[in-house]
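*Asks:* Numbering (my numbering), first residue to last: 3 to 439.
Simulated from the structure, these hints should not be mistaken for laboratory data. Heads up, some of the hints might be wrong.
Stated by the list, open to error - Pairs of lysine-lysine residues, derived as PhoX-like cross-links and limited to a Cα-Cα distance of at most 20 Å, are as follows: (1) Lys278 <-> Lys340; (2) Lys51 <-> Lys80; (3) Lys340 <-> Lys276.
Owing to the predicted nature of the structure, the values given are computational and were not obtained by experimental measurement.
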Amino acid sequence: MTETPEVRTILYIEDDPASRTLVERTLRYAGYRVLVAERGILGIDIARKEFPDLILLDINLPDLTGREIATTLRADPKFDRTPIVALTAQGMREQRNMSMAAGFNGYLTKPLDVEHLPSQLEFYLGGGHDETDAAAITEGQSRYVKEVVIRLEKRIRELEAYNADLSRLDSLKDAFINIAAHELRTPLTLLIGYNRLLLENPYVKSMLADDDGARMLTDGMAQSIARMQSIINEILTISRIITNRLELSVAPVSIAETIQRAMAFYSTTLSERKLKVEVNTVGAPSRMLADWELMELTLRNLLGNAIKYTPDGGTVTISVTADPGEGPEDTTVRISVKDTGIGIPIDSLDRIFERFNTTSDPMLHSTSKTSFRGGGIGLGLAVAKGIVEAHGGRIWAESAGFDPERCPGSEFIIVMPLMAMSRRGVTGGLTSITSKI
3 MTETPEVRTI LYIEDDPASR TLVERTLRYA GYRVLVAERG ILGIDIARKE FPDLILLDIN
63 LPDLTGREIA TTLRADPKFD RTPIVALTAQ GMREQRNMSM AAGFNGYLTK PLDVEHLPSQ
123 LEFYLGGGHD ETDAAAITEG QSRYVKEVVI RLEKRIRELE AYNADLSRLD SLKDAFINIA
183 AHELRTPLTL LIGYNRLLLE NPYVKSMLAD DDGARMLTDG MAQSIARMQS IINEILTISR
243 IITNRLELSV APVSIAETIQ RAMAFYSTTL SERKLKVEVN TVGAPSRMLA DWELMELTLR
303 NLLGNAIKYT PDGGTVTISV TADPGEGPED TTVRISVKDT GIGIPIDSLD RIFERFNTTS
363 DPMLHSTSKT SFRGGGIGLG LAVAKGIVEA HGGRIWAESA GFDPERCPGS EFIIVMPLMA
423 MSRRGVTGGL TSITSKI
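Produce the entire structure from the sequences given, and follow the hints as far as they go.
*Replies:* The structure is reproduced here in structure tokens:
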């Protein structure tokens, strides 16, 4: 019984569709397994995954030259013995010498000789190598080094230009955030005032007392105004964080009261969606040195995030503990907000604190704070991170992954100094209030 000959694999890297199709068909007809790539980076990835028996490639590709690909692969010991062959229209001696110096085994020129291509490749698969004298290799190395230096300089200049463009765009974005927040705050302030005057009018009060429909409309208007105010405040806060203008009004803060105020902000949502919040502060310090308004905003954002991604009837647990460290000044407070929600994709854990980052489909968003997985513009966690870091602390998230069915949940953890020392502007005397904690 004869053994079936092993099918050899050839990787062909070529950006021209016509050449790619012709070579692929020719080699498949000859009995080879053929892998194709139209760009150099993709070709390198395929080579590292598949380890083909031979690599055939064009010299001129959109992203990398064939010589750069050969040099990259030859740097990996796994490709020491893999034949790498050029198939190109460049037939000049200088081009050939440069390619051989870069690590090619052979150099085939176009137009393609379809009839003899399989036998030519068998020569290289059998260990064959184009003959090149030492002087030609030395000349090729010299030319290749110059080519690499020129291309490297060009790419550095391109990267510098791209970075400058990105920096300008980032500055424009930051400026827009700042301007938008201030421009929106003025009409919102007027809207809040007009709404208050409206509700204080005796005639309107009388009408609302007798008309449930009218009362529902005014309640809805008040909720919408409150939501707008919350969004604009977040934008203003992130603007101050971006421009390094976030000032802390530091004072002793009751941790329990701050948690209660954050919970009260979502009382309606928690009730409507039957969500339970458990608070565990056993053994925790009663107070910490911080900006109470900003700390409340931080906890509100973390609690709101937990609510948003936890199904109805779920549980959010807020825990506070302290680590005494080596002395009173080293004591840290650890605040954890843990939910029984759908979790966070593991590859998103490092990105969720970026501005305007959202992990859910925007199509699921709505303007209602009571809609599961709805709402949010992707600033809440960025704001929380900026505030915590301004207090000299750090924040991170942990999750076993995203699973809407199993609901593995997620946990956001803050670790802050008990006596917060800001890395930004601080108002308030630290020495005069330290002893009051």
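*Asks:* All hints are to be evaluated individually against the structure, with a verdict given for each.
*Replies:* Hints versus structure:
1. Lys278 <-> Lys340: Distance ~12 Å between Lys278 and Lys340 Cα, so the pair holds.
2. Lys51 <-> Lys80: Holds: Lys51 and Lys80 sit about 11 Å apart, inside 20 Å.
3. Lys340 <-> Lys276: Holds, at roughly 17 Å.
Consistency note: the structure conflicts with none of the earlier hints.
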